[in-house]
Amino acid sequence: MNQLTDETLLGHYANGDFSAFETLYLRNKGGVYRYLSRQVHNKSQVEDLFQEVWAKVISHGQHYQQTASFKTWLYTIARNKVIDHVRHMQVVDHVIDSSIEEDEQQPQHTQSKHALGQALGPANLHQRLLQAQAIDYCLHKLPIHQLDCFLLREEAGFTAAAIAEIVNINLEAAKSRLKAGYKNLRSCLSLKLELSPGSISAVMEGKANE
Amino acid sequence: MSDPSADKVLSDQALVSQLYQGAQQHTPAPSTDRAILAMAKKKIKLSPDSLANQPRVKKTSVWWQKMQYQGAVAASIVLVCFVALLQPQSPHISLLDPLPVNSPVATAMQNDALVSEVLAVRSSTAPQQAAPMMARREVTNSRFQAQSAELADVTMADAAIVNKSMGELSNKPNNHPKLRAKNHLIIQELLMIQAKLYLTHGQITLTAQSPDVKYSKVQNSLIKHYLALHKNMKIHLRIILNGTSDPTILEGYSGVLSRQEINGLKKNRPTP
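Protein chains in written order, with the working numbering: chain L, 1 to 210; chain C, 1 to 272.
Keep in mind the hints are simulated off the structure, nothing from the lab.
A few of these clues could be false.
Claimed, not checked - Covered by chain C, according to a simulated footprint, are these stretches of chain L (three or more residues, beta-carbon under 8 Å):
| hint | region |
| --- | --- |
| 1 | 51-59 |
| 2 | 140-148 |
What the hints assert, rightly or not - Derived list of chain C stretches under chain L, where covered just means 3 residues or more per stretch with a C-beta under 8 Å from a C-beta of chain L:
| hint | region |
| --- | --- |
| 3 | 15-23 |
| 4 | 31-38 |
To be verified - Distance windows between CB atoms, simulated:
| hint | chain 1 | residue 1 | chain 2 | residue 2 | range |
| --- | --- | --- | --- | --- | --- |
| 5 | L | Ile83 | C | Gln68 | 49 to 55 Å |
| 6 | C | Ser17 | L | Ile83 | 22 to 28 Å |
| 7 | L | Ile144 | C | Ser17 | 49 to 55 Å |
| 8 | L | Leu4 | C | Ala38 | 19 to 25 Å |
| 9 | C | Met67 | L | Asn80 | 45 to 51 Å |
| 10 | C | Met67 | L | Leu4 | 51 to 57 Å |
We put the beta carbon where it would ideally sit given N, CA and C, even for glycine.
Next up, chain C with everything else stripped away, as it sits in the complex:
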């Protein structure tokens, strides 16, 4: 015997189910179907099956891989520092830098340097300029002779150099300051010789022209030396006067040039 209530429930369920399934059923719109299928297709394209199946490989990064970026930066810094240390220091432009070679100021400074250098050479060989005149008389003849010979050698060497480059210098007005500096030294030397001989420029010139006057060897060598220097000085002076029209150039030569010589130089001077 079956339970009538259970049978009733089952029959109710069967009836309702039949009615429900038999009723008009709703279905999604075709556009919805297409949209969903397109979505599924797109998902496949975006994530290939190989990716879905492949086991994920865990990336293992060792310490040097983690430090790659920092290492590269540090290496770059070290390299830059190394190159900077090896590189010769570039000229640093400041007020203390040497001026261009052709500028007048630079030329003057070069002349000053040259003068001081030559004076240093002279000071090592020449007698003390500050020594009293009376003390110099007591110097023995041999010593005086030796010193004079040295002086003669040095000044003759200078004169030879000057003569050798005279042709070049005459065509280069920029070199005149050098000649002036050399003449300045020569004037000092000439005045020193005058003091040693107790003679003026005119007396020395006359003595040289009169063979009757007898002097010692030392005095004769000094006069020879004086005349040689004087000759060089005049050559320099001609070159200087040839390249400039400055009238004050001859002012410093009053002690070593006679009036006639000055006038002669002025006459030979070209018109500017």
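For reference, chain L alone in the conformation it holds in the complex:
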């Protein structure tokens, strides 16, 4: 089942094979969730959007036609959901109580910190936490168009051409956004983590050791 492509799995699901959908979901749920959570910072809203995306996949899965890849279709749905959400929030002028969000998320962070600390050790854990905070901060500072393209690249592994198709822009614009996004992130992370050529190699080595 794991060797099958997403499109084949969706076809099996359309024919009544529930395990095919399970495989498809486990394969794609992380990327879609992170794609949403990096753009919508309210956790409950992210959960809602995530469910809406998959509800659409479930309801329209039987009528899915393989004119585009499943991933392109999936992230197009997710992107449209984010756009709709942002527009809705602009109209409603919703004020997010960030302090409540932080309070809700704090115990989860503590638990995950504790679990990671046991797995990685105190030094690695501290380094990881710093990196995560820096990534969050820099992604938050990134312009929305660049963030969109960056997340599509990192989470789904799309090429510039696929990103251009999803975002509905031309290829050059997609490439330009990607390039600018990476550059801005690099600059931001350098400042936050005080990265140098030496530290970069250290990071790379750390990743390799894991």
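Start from chain L and add chain C according to the hints.
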């Protein structure tokens, strides 16, 4: 020689990508996973795979299938009309309807009808009542004899019928109006015979009782006929008087009954 700027971009991308992938990643809550998987499972149950794969058969409806409903309605209407036409018309109750048989009004109406019917029969055979008395004298004897014979036959037949059913009638007070009607006819007949013979009831009775008086055959037959009718009339009258206490019943019989006869009937009349 590779382009240093391109290498820098690639290294930037690789570094950022490494950092991003290495950072703590968010994942959906387990409850969200369960909800989505349950939704997918429910969708499968609601829409079986067979339905998803089966090619949709386009329903072809011919004209008679489209007209099924209208046809059924039209057939029902035709059937109802047909049954309504075949069914015999139910009695329509109105003021013109015949009254119940036992009601007094109905009985009286039946009597009237009976009287008119008998009069019609009589009118076809009896001589014209409105004819002047002098003209009747000129009627030949043979003709008068024939007519009298016919009258005698008819009235004797009536009397026979009455006598035959007398027992039944005497026990049925409701039939008295019929007897009254018959007596009414008999009285007319008797008065007619009296006129023909130029004799009163008392004279006819005396003539019958005295064998010395000689009359022609026609006159004798008329007297016989008169006496027979009179006898029947009296029988009817006794039955009528037996079932009622109305004192006015005997009023119409003054011309055909003597005072002695009336008194005798009154004496034999039972007390109410």
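Violations among the numbered hints, reported as their numbers in ascending order: 2 and 7
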